[in-house]
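Visitor: Residue strings, one per chain:
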Amino acid sequence: MDVDGSEEPRGGTPVGRRVVLGLLGLGAAGVAVGPYLQRAQDAVTAADPTGLTGLLPGGGGFRYYSVTASVPNRTEETYTLTVDGLVDRPATHRLADLRAMPQRRLVRDVQCVTGWRVPDTPFEGVPLAHLLDRAGVRPGAKAVSFSCFDGAYTESLTLEQARREDVLVALKLQDTPITHAHGGPVRLYVAPMYFYKSAKWLSGITVTDAVRPGYWEENGYDVDAWVGRSNGRDDAPTS
Amino acid sequence: MRRRAELVLRFTRAERWVHRTTATLMMICLATAACLYLAPLAELVGRRRLVVTVHVWCGLALPVPLLLGLTSRALRTDASRLSRFTPADRAWLRAVSRRLPLRPAGKFNAGQKLYAQWTLGSMLVVLGTGLLMWLTHLAPPAWRTGATFVHDWFALAIATVLAGHIRMAIGDRESRLGMRTGLVDRRWAEREHPHWQTAAAPEPP
Chain A
1 MDVDGSEEPR
11 GGTPVGRRVV
21 LGLLGLGAAG
31 VAVGPYLQRA
41 QDAVTAADPT
51 GLTGLLPGGG
61 GFRYYSVTAS
71 VPNRTEETYT
81 LTVDGLVDRP
91 ATHRLADLRA
101 MPQRRLVRDV
111 QCVTGWRVPD
121 TPFEGVPLAH
131 LLDRAGVRPG
141 AKAVSFSCFD
151 GAYTESLTLE
161 QARREDVLVA
171 LKLQDTPITH
181 AHGGPVRLYV
191 APMYFYKSAK
201 WLSGITVTDA
211 VRPGYWEENG
221 YDVDAWVGRS
231 NGRDDAPTS
Chain B
1 MRRRAELVLR
11 FTRAERWVHR
21 TTATLMMICL
31 ATAACLYLAP
41 LAELVGRRRL
51 VVTVHVWCGL
61 ALPVPLLLGL
71 TSRALRTDAS
81 RLSRFTPADR
91 AWLRAVSRRL
101 PLRPAGKFNA
111 GQKLYAQWTL
121 GSMLVVLGTG
131 LLMWLTHLAP
141 PAWRTGATFV
151 HDWFALAIAT
161 VLAGHIRMAI
171 GDRESRLGMR
181 TGLVDRRWAE
191 REHPHWQTAA
201 APEPP
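Protein sequence lines correspond, in order, to chains A and B.
Residue 1 is where the first sequence starts when you use the numbering used here, and the numbers rise one by one after that.
Residue 1 is where the second sequence starts when you use the numbering used here, and the numbers rise one by one after that.
In isolation and in its complexed conformation, chain A is listed as follows:
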């Protein structure tokens, strides 16, 4: 066995330095022009009927986020939504009950706090204010907290935010019943806020006397998550 003792002649062209510096320059330039390129890429993706461009990095459309290992399925028979806390008439609603209530359809952009945006997305469902009125909110109530049948996710709104007309208990997304991957059969939809406020797999609405920060808010995200005015971001408002 020999030891690799000898050296090749020193000198030669410092290609390594050029490649590394070139890549760093490319990266820095990409950070600078990335927002524009991303917008251009989104425009192409939006106009692509084959959907193939959705496979590109940062491709358009929704991304699937779940904080738990697996989420149970709830069906017509097994799904319930409870409304309780500081209310006069606590209630448990089934899917059919929710469908029989007044519906509102909103078409707004969806904006995630991590940057992706899905333009002109129709959501349809029961205005949250309607459910609160039905239950009869007691004096002294200040906030609403939401729980989910994934067993982990929570969210919250002030009572004033919860009563906005662009806050829905959504049953339909893009005019079809919300699928499990999108948080179906029922999810919250808070149009003016970052999408983490729109809790998926909604199963409980509790009226409280103070805001209880939700899952991501315990992990550093803003409780009042207005699009463009929170979390250090300046996206165009969605509602």
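Hints in this document: simulated from the structure, not taken from any laboratory.
Built from N, CA and C at the ideal position, the CB exists for glycine as well.
The reader is advised that the hints may include incorrect statements.
Between beta-carbon pairs, the in silico distance windows are [unchecked claim]:
| id | chain 1 | residue 1 | chain 2 | residue 2 | range |
| --- | --- | --- | --- | --- | --- |
| 1 | B | Met179 | A | Asp175 | 47 to 57 Å |
| 2 | B | Trp17 | A | Asp84 | 55 to 65 Å |
| 3 | B | Leu131 | A | Val107 | 20 to 30 Å |
| 4 | A | Met101 | B | Leu127 | 48 to 58 Å |
| 5 | B | Thr24 | A | Thr158 | 43 to 53 Å |
| 6 | B | Ala34 | A | Asp84 | 36 to 46 Å |
| 7 | A | Ala210 | B | Met179 | 57 to 67 Å |
| 8 | A | Pro237 | B | Thr53 | 26 to 36 Å |
| 9 | B | Met179 | A | Gly228 | 47 to 57 Å |
| 10 | A | Tyr36 | B | Val54 | 24 to 34 Å |
| 11 | A | Ala29 | B | Arg76 | 24 to 34 Å |
Starting from the structure of chain A, add chain B where the hints point.
Guide: Relative to chain A, chain B alone:
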């Protein structure tokens, strides 16, 4: 069975460990990235916060093995070999582009040099953009959008180039043995790396 007398040392223990740990960290980064990014995998795995934590810490650790390895003289010598192009490297690139069989190379051929340089450069880019995405109050939001854009595209490029690296390794058993045991067959070294002057190697023809 390889005979010990016909083996030459290609990689020291320190170099092999740097390769092994960097490779492991990079594979974990790519696997967790896939679980965050590809919808079917994301639905299968879930546990978003755990996956993000693993991804971030493996990413931060990515340059550590190399930095520690720089205390090894053998690694520094190979790093300087990898960073410079000699006339043989230009001849190698010409031979590859014209599909000629005679491909002169020192201890590392021009393709291996370019791969190493790409690895270092792209690692620094994903590390930097990753830091911008992770430390959210470090930079204005527009920078973060740009950093995400660069991080995503570089991740795809790294995965593609890495797949090529693994394919080359699968095709050459002796080179795999070299990285696993540190030793390669002398005849392989003379054939693949004719200008690599191992101590007792015969004079080049």
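Visitor: Taking the hints in turn, state whether each one holds.
Guide: How the hints compare with the structure:
Judged by the Cβ atoms, the range 47 to 57 Å given for B/Met179 and A/Asp175 holds: they are separated by roughly 56 Å. For B/Trp17 and A/Asp84, the Cβ-Cβ distance of about 58 Å falls inside the hinted range of 55 to 65 Å, so the restraint holds. The supplied range of 20 to 30 Å is broken by B/Leu131 and A/Val107, whose beta-carbon atoms lie about 37 Å from each other. At about 51 Å, the beta-carbon gap between A/Met101 and B/Leu127 stays in the expected band of 48 to 58 Å.
Checking the proposed 43 to 53 Å range against B/Thr24 and A/Thr158 shows it holds: the Cβ atoms sit about 47 Å from each other. Range check, B/Ala34 to A/Asp84: about 41 Å between beta-carbon atoms, so the 36 to 46 Å window is met. The beta-carbon spacing between A/Ala210 and B/Met179, approximately 60 Å, falls within the hinted interval of 57 to 67 Å. About 31 Å separates the C-beta atoms of A/Pro237 and B/Thr53, a value consistent with the hinted range of 26 to 36 Å.
Checking the proposed 47 to 57 Å range against B/Met179 and A/Gly228 shows it holds: the Cβ atoms sit about 51 Å from each other. Distance hint check for A/Tyr36 and B/Val54: the Cβ-Cβ separation is about 32 Å, which falls inside the suggested range of 24 to 34 Å. The hinted range of 24 to 34 Å is satisfied by A/Ala29 and B/Arg76, whose Cβ atoms lie roughly 31 Å apart.
Comparing the model with each numbered hint stated earlier shows that hint 3 is the single one that does not hold.
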